[in-house]
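Enquirer: What follows is each chain in one-letter form.
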Amino acid sequence: MPMNVINVDNLTFCYNGLEAISNISFTVKRGDYLGVAGPNGSGKSTLIKNILGILKPQKGNINIFGQPLIFFHQWDRIGYLPQRISSLNNHFPGTVEEIVQLGMKKRNAIALKRTLEMMGIAHLANRLIGELSYGEQQRTILARALISQPDLLIFDEPTTALDPETREIFYSLTSEMNRTYDTTIILVTHDTGIIGKYARNLLYLDKKVIFYGTFEDFCTSPDMAGFFGSTSQHMICHQHDKTENNV
Amino acid sequence: MGLVDILNYEFVQRAILAGMLIAAISSILGVFLVLRRFSLIGDGLAHITFGSVAVVMLIGVSPAYITLAALPLVMLSSLAILKLTHSRRIHGDAAIGIVSSLGIATGIILAGLSGGYNLDLFSYLFGNILTVTQTELWLSFIVFLTTVATVVIFYNDFFAITFDEELAQTMGIKTKRINVLLFLLTAVAAVLAMKVAGIMLVSAMLILPPLTALQLSMNFKKTIIAAACFSILSVICGIVLAFLLNLPAGGTIVIFNIGFLLLISGAKKIWPLPR
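From first to last, the protein sequence lines are chains U and G. Residue numbers for the first sequence follow the working numbering, beginning at 1 and rising by one. Residue numbers for the second sequence follow the working numbering, beginning at 1 and rising by one.
Just so you know, not all the hints are guaranteed correct.
Said to hold, decoys possible - Dumping the calculated DSS-like pairs for lysine-lysine here, alpha-carbon to alpha-carbon at most 30 angstroms:
id, chain 1, residue 1, chain 2, residue 2
1, U, Lys56, G, Lys83
2, U, Lys59, G, Lys222
3, U, Lys106, G, Lys221
4, G, Lys174, U, Lys29
5, G, Lys221, U, Lys105
6, U, Lys56, G, Lys176
7, G, Lys176, U, Lys207
8, G, Lys83, U, Lys207
9, U, Lys105, G, Lys83
10, U, Lys105, G, Lys176
11, G, Lys174, U, Lys105
12, G, Lys174, U, Lys59
13, U, Lys106, G, Lys176
14, U, Lys113, G, Lys221
15, U, Lys56, G, Lys222
16, G, Lys221, U, Lys59
17, U, Lys207, U, Lys105
18, G, Lys269, G, Lys176
19, G, Lys268, G, Lys221
20, U, Lys113, G, Lys83
21, G, Lys222, U, Lys105
22, G, Lys83, U, Lys59
23, U, Lys106, G, Lys268
24, U, Lys113, G, Lys174
No lab work stands behind these hints, which were simulated from the structure alone. Keep in mind the model is a prediction, meaning the values are calculated, not measured.
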């Protein structure tokens, strides 16, 4: 039986007394590809920041790889790609090579070369990150998330500003990692179509859990048909069926 | 009087040596502060230093130890700024504003209350590196070693936090600990820089050399080294010119810093860096 990579139990987080997420519970097993969806302000990013220890929940428990979050130290097992690098300015004096190795205790030239080539940014290795296009910057940050070959990848709205071609490459790559290396993936996006195409499980939030389960459950749920409308539900499920048949 | 004659004076030697150490400290820390948009922290801490100097003068600390005595209050205030910066209700610039207003207000009130030491207190506004004491030279040396050792030991953590604090946190970096180190060292740098450039120009020592180095579009380590070089060069040129022309050293040093910034920015426009 696959081990639990993440176990979230009754999680509640408030900003200035207002509940951003309330009583969230779910489990992610090894090799899962979980899509987290919901409208703007539904608490998707807040949930991820709680899992990553950036925010401290008021209530509830989070276990990562079987350990309570406060005792968890194996952060190199997790690769995180944030929505955007808020503090990045055009004069940041970090080269692509430096950024990809960010936070690594030991430099690994082979892993660096492999990751840069995989992301198609080997020719940019010595360029400053501020000089790159947004797409190239995002690929650099993704390379940083992948370099340590983590067991868990968390993507928070990763492709918002990417062109369709790069977006497709990104999702194909993550799918391949999930299938080939059993890498667990959590993908946060408001685009349910994308989730339908790539993820196997869905967590739909609107401050609380609206739906959590497999796509098969989602597609046959009359409650979800009522919540989304049967047309939307059908469109999401159609994307999923199409991909399942293609794989 | 020639350059060699100037360098024969013991107080000039002490001033140049202390100035170089303080320039290196403030510019190294300045690179992290500027990139993290904490440029104005130098201003805030300088104002706090003004209040702290007023407090230690009122207590009656000997002038030779005023810099040392003012340190604890400024360090505590830097931690207060850090705490407020991370508050969700107050932005970083407002946090600096609050603590800085408190410092300057305290200084003014204490100066008004005691009356007798106003002149001494206000001399700190403009600084005078040529009056640096042996104690301050030793303090500068110790702080220089501490700063370099801290940045070398925690280089990866400092680099990651400067790039993105949240991302650094997800890598297991103890961001709070690194922030405390950075803010405490900056507090000490601000107190020392007060001696070089005066309270009014402390932030110039922290901001200008890193900005100049950033114009060169180099990698992170080279940027830090370049910032330190520009800062040290400004101090040497500033002290020598100030001595020769009988000018205030603090202002002259800062003018050299601005000169280097304009020179490098201008040169970059005429001869863009190769890619």
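Enquirer: Confirm or reject each hint.
Expert: Each hint, compared with the structure:
1. U/Lys56 with G/Lys83: holds, 16 angstroms
2. U/Lys59 with G/Lys222: Distance of about 46 angstroms is beyond 30 angstroms: violated.
3. U/Lys106 with G/Lys221: Answer holds: lysine 106 of chain U to lysine 221 of chain G is near 17 angstroms, not above 30 angstroms.
4. G/Lys174 with U/Lys29: Since the Cα atoms of lysine 174 of chain G and lysine 29 of chain U sit roughly 28 angstroms apart, the hinted pair holds (cutoff 30 angstroms).
5. G/Lys221 with U/Lys105: holds, 17 angstroms
6. U/Lys56 with G/Lys176: holds, 14 angstroms
7. G/Lys176 with U/Lys207: Given that 30 angstroms is the threshold and the Cα spacing comes to 29 angstroms, the pair holds.
8. G/Lys83 with U/Lys207: Roughly 29 angstroms separates the two Cα atoms, so the pair holds.
9. U/Lys105 with G/Lys83: Within the cut-off at roughly 28 angstroms; holds.
10. U/Lys105 with G/Lys176: Judged against 30 angstroms, a Cα distance of about 19 angstroms means the pair holds.
11. G/Lys174 with U/Lys105: Holds - the C-alpha atoms of lysine 105 of chain U and lysine 174 of chain G are around 14 angstroms apart, at most 30 angstroms.
12. G/Lys174 with U/Lys59: holds, 23 angstroms
13. U/Lys106 with G/Lys176: holds, 22 angstroms
14. U/Lys113 with G/Lys221: At roughly 21 angstroms apart (the allowed maximum being 30 angstroms), lysine 221 of chain G and lysine 113 of chain U satisfy the hint.
15. U/Lys56 with G/Lys222: The given pair, whose Cα atoms are some 37 angstroms apart, is violated under the 30 angstroms limit.
16. G/Lys221 with U/Lys59: Given that 30 angstroms is the threshold and the Cα spacing comes to 42 angstroms, the pair is violated.
17. U/Lys207 with U/Lys105: Violated: lysine 207 of chain U and lysine 105 of chain U sit about 37 angstroms apart, past 30 angstroms.
18. G/Lys269 with G/Lys176: violated, 39 angstroms
19. G/Lys268 with G/Lys221: holds, 20 angstroms
20. U/Lys113 with G/Lys83: violated, 40 angstroms
21. G/Lys222 with U/Lys105: Given pair lysine 222 of chain G, lysine 105 of chain U holds - Cα atoms ~20 angstroms apart, limit 30 angstroms.
22. G/Lys83 with U/Lys59: Satisfied, since the Cα-Cα distance of roughly 23 angstroms is no more than 30 angstroms.
23. U/Lys106 with G/Lys268: violated, 35 angstroms
24. U/Lys113 with G/Lys174: Holds, at about 28 angstroms.
Checked against the numbered hints given earlier, the structure breaks hints 2, 15, 16, 17, 18, 20, 23 and satisfies all the rest.
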